[in-house]
Each structure stands twice: as structure tokens, then as C-alpha cells.
Amino acid sequence: MVVLPIVVAKSSHGGNGELYIDPGTGSLIIQAIIAALITIPVIFRNAIRSGVGRLRRSSKTDHPEVDPPA
Amino acid sequence: MRDPGSYRDPSGFIFRREGVLYRQVNRSFAEEWSAFLASGLYRDLTEHGLLVRHEPESKALALSGDAEAVIRPHEIRFISYPYEWSFTQLRDAALMTLEIQERALARGQILRDATPFNVQFEGSAPIWIDTLSFAPLEVARPWPAYRQFCEGFLAPLALMAYRDPRLGLLLADLLDGIPLELASRLMPGRTRFRPGLAAHLHLHAAAQRQARDRRPSSPVGRRTPAMNLTRHRAIVSSLRKAVGSLRTPPKGVWEEYTRVTSYSDAAARSKAALVDELLKGSEGRTVLDAGANDGTFSQMAASQGRDVVALDSDRGSIDALYRHLRDIGQSTVLPLVADIANPSPALGWAGEERRSLLDRLQVDLVLCLALVHHLAIGRNVPLPMIFDVFARLGRHVILEWVPKEDPMAQYLLAGRWDVFPTYTIDGLRRAASSRFTIVRESPIDDSARVLLNLERTT
Chain A
4 MVVLPIVVAK SSHGGNGELY IDPGTGSLII QAIIAALITI PVIFRNAIRS GVGRLRRSSK
64 TDHPEVDPPA
Chain B
686 MRDPGSYRDP SGFIFRREGV LYRQVNRSFA EEWSAFLASG LYRDLTEHGL LVRHEPESKA
746 LALSGDAEAV IRPHEIRFIS YPYEWSFTQL RDAALMTLEI QERALARGQI LRDATPFNVQ
806 FEGSAPIWID TLSFAPLEVA RPWPAYRQFC EGFLAPLALM AYRDPRLGLL LADLLDGIPL
866 ELASRLMPGR TRFRPGLAAH LHLHAAAQRQ ARDRRPSSPV GRRTPAMNLT RHRAIVSSLR
926 KAVGSLRTPP KGVWEEYTRV TSYSDAAARS KAALVDELLK GSEGRTVLDA GANDGTFSQM
986 AASQGRDVVA LDSDRGSIDA LYRHLRDIGQ STVLPLVADI ANPSPALGWA GEERRSLLDR
1046 LQVDLVLCLA LVHHLAIGRN VPLPMIFDVF ARLGRHVILE WVPKEDPMAQ YLLAGRWDVF
1106 PTYTIDGLRR AASSRFTIVR ESPIDDSARV LLNLERTT
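Protein chains in written order, with the numbering used here: chain A, 4 to 73; chain B, 686 to 1143.
It is worth saying that the hints were derived from the structure and are not from the lab.
Cβ atoms here follow ideal geometry from the backbone N, Cα and C, with glycine treated the same way.
Don't take every hint at face value.
If we take Cβ atoms under 8 angstroms as the criterion, some of the chain A residues that face chain B in the derived model are [stated by the list, open to error]:
no.: 1; residue: Leu22
no.: 2; residue: Pro26
no.: 3; residue: Gly27
no.: 4; residue: Leu31
no.: 5; residue: Ile33
no.: 6; residue: Ala35
no.: 7; residue: Ala39
no.: 8; residue: Ser53
no.: 9; residue: Val55
no.: 10; residue: Leu58
no.: 11; residue: Ser62
If you anchor each label on the Cβ, the simulated ranges turn out as follows [claimed, not checked]:
no.: 12; chain 1: A; residue 1: Ile24; chain 2: B; residue 2: Glu732; range: 44 to 50 angstroms
no.: 13; chain 1: A; residue 1: Arg59; chain 2: B; residue 2: Glu760; range: 41 to 47 angstroms
no.: 14; chain 1: A; residue 1: Ile43; chain 2: B; residue 2: Pro864; range: 26 to 32 angstroms
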């Protein structure tokens, strides 16, 4: 089962002129769920990239004194 | 005077003073307004032709005491509404709206409404007209205009693409957009397997239903999950894919057909030369091409520096014309889907929010080529009543008379009683004379058709 990385925050729209239309509670919730779902691949890709990057950096800079294998 | 259609947003409104169009920014919106100007978004959008330009004006021009600023927006020559656009026009307007939201996000702003009524066409190019549509991005909150975008753009486009292009007309009755539960019910079942439509239309409709069925006091109803910039961008990108994947229905699906013509080459050449000559000899900047068909004569008028509205009830023709104009970069012809025998009425609050098509279409010259037989025979409109409407539209009329013996008139008469004894050129002259003077009559070579150049007398 996939656990959605959703943080539940209280909505406090209105009052500052930002919202004069009805955004629709269902629309706000489903938008956030869709957004979370479709960005999972992005998160994975970024995690893999940064992991690979870290490995590369560490192999170049962390052990410069290590002799290359014979 | 305040524009009767500009009342929904408390941040400001459109008004006219001595005929000049202004927009008042209210004090309650002062913070958002200065943040918008400071963000650089105005320059970005106007440089890319996405937002209407404006000039700052003196606050003394304000219509009410709570003004923060007054601006003078560049005025769009012809106002049109989404229910008068073809499929591709509405789709381009949708894609432009998403581009604006994307550019807003990049500058820490958000598009706070996304109704197609905030889009106008300057000729054949869409442009956003509501300068007060922007506010600072509060990144954790979902996009408040998501619902409006889906109901105003995605749902009608999906219905037009998957069911029938005529469903764009639903936007005339449903000015706030097509309710998603209705759209979801009308869509073919197979669209539940298309990721974009499954998410933004079908699931979205289910979520709305679920939220509505909950008691308003339920705490879940007042909570929304948090967003971040990546997620905001992902929503825009996903909507763009969903809208971009919708295609104009194949030709066979159009309910009408592009009107075939019956000219010989010589007649076609003669007609083109005569219309060109009459256009060159006429005054005024604005032209209505009523019954524009493939837009040949709209483009001829545009090539002479006129601003043209190309009107036709054939959605296929108007869509093809729009795509052609967009591809060649012709931006002084505005193609619109409308039936001159049943023009869009005044709609919305007090019947004043959206003006009727006839009220919006005041031009210098009406081109009315091979149209009168469609109105008089095809729609049973008596000739004098046709000229009453032409007289409302413009001062000059270039009219092509198609006699009853013409194959196209015969086509309309086939299989029905000929109840049109006054449909003769003399009948036309008599009918025209109550409103117009006939300046010139020019027979078209190799044809029984005649071009009449008329000038309004009353």
C-alpha cells in the first residue's frame, strides 16, 4: 500500500481578497491528492539522482588518499 | 458607469468614463496589487502577449471612494464569449491560462481565478484581460482556481472532443462552467482510463460529490492537504497534458458541413475582384463577415487593414479558419461560431452580465456574401426583417444576391413548398429600401448572382 505523503493543514482561505470564488472543498482535496501522487516519480527520480551524485562525489573526494586498485 | 458584468470580484471593477475604459483597484486589494507589480509578472506576461497591457491613471478618475489605483487597460475591439468559440479557440484559451499560472508560480504569484470569461481574442490570438487575477502564492495551499479551470475549460473541451462539438454551447447556460458530475456522466466510459480525464474530471467529480454529502460541520471538510511548488507545477503540467491530448473531432463528426459553392472559375474570379473593389472603395475600420464560410473574404478585408469578425454557424469551418489564421499569424480576424438567425442573447445577472451578440457587433461594414438565401429560404426570415438586423449591425452592407434559380437556392428549396413569392431581386430591392440606399449593383460574371452595395439611410 502506498502511503500518501500528505500533510493535513487547516484551510484559512478568505479575508485577504485572494479568494472570491468558491474553490470547492472536494476540488481542493482531490487536487492535493493528485498532486502528491503525480509527483511521487519526481521525488524518486530526484532521490536517485541525489543518491548517485553523493556516491560519485564521495568516491572522488572522500578518499583521495586511497591507492587505485592494482 | 460601472460595467454590469464586473461585480463578482471585490478587488476592483471595470468602468467607463466619457467612453474610456478604466479598471479601479480597490483599497482592500492594495497589498496584492503592489505585490503583483513588484513581482515582475506583469512585464513577463505582457511581453509574451498573455495579459492585456494597461496605463496607470490618476486616482481622481475612480468611480468610488475606496480606490487604491485606477488603470486604463488596452481595450479589446470585439468582445466574444466562450460559447462563441470553436473547439481549438477554447483549447488555446485553456493552454494560455495554464501558461499564465506557470509563469505566475515562477514569480511567487498565483492565478486566483481561471474562468474562460477572463480570456478574450485579439483577432485570432487569445489574451487574459483581468489584471486583478493575481495574488501572492501561499505555497502550501492548493490552487483555488483548479475547480474553475476544470469546469470552465477541461469539461467543455472533453465533451466537445469525445461527444459532440455542439456541447460547447452548454457554456451559455452554465456561465460558471459545466458541473463535473454532469460532465462525468455525459462522458464515454472509456475516458475513465485516460489518466488526465480520470483524475481531473471523473475523480474530481467524485471528490466533489463526497465533500458535498459530508455535513458542513465535519472537520474533514475544512481541511486541505498541503501543497508545495513541485506539486503546483505538477498540477499545471498534468492539466496541460490532459487538455493537449484532446483533439478536434474528425470531420465526419461535425453536425454541419462546409457550404459547398457552385461558382465557375470565371464567376469566382469576378466575385473576388468585385468584393475587393467594393471593400477598397468603402470607409471604416471594422468589418463583420456574416456567413464567413472558409474566411476568404474576411482575410481579404484584413489584408486591407480592417479589423474583421468572421461569423459562421458551421463549427467545422470556423475551427479550420481559426487554425489557419493562427498558423499564418494573422491577428486581425476574429472567427466566431454564431448563428445570425439566433444570435447569442444577453445573459447572466439582470440579463446584463454578458451582452447579446448584436449589441457587441457594431461595425462599419457588413459583408453578407451568399447568406441571404440561407436566411430567407433556409430559415423563413422575411427579407425586410433581414435588413432590420443588418441596419443594426452596420452602416454599409455588401450583399451577394443568390436568385431562386441558382443551384444553391434550389438545394434549399428541394423537397419543400416554395412559399417565397417575394424572393426576387425586385423583392430584395423593395425590402432593402426601407433601411438602405442601393449605391451600386454589380452582376457577377458567368453567374446570375449580383453584388449590391448598400448604405444605411436611417
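For this session: Any hints from earlier that this structure breaks? Give me their numbers in increasing order, please.
Result: 8, 9, 10, 11, 12 and 13
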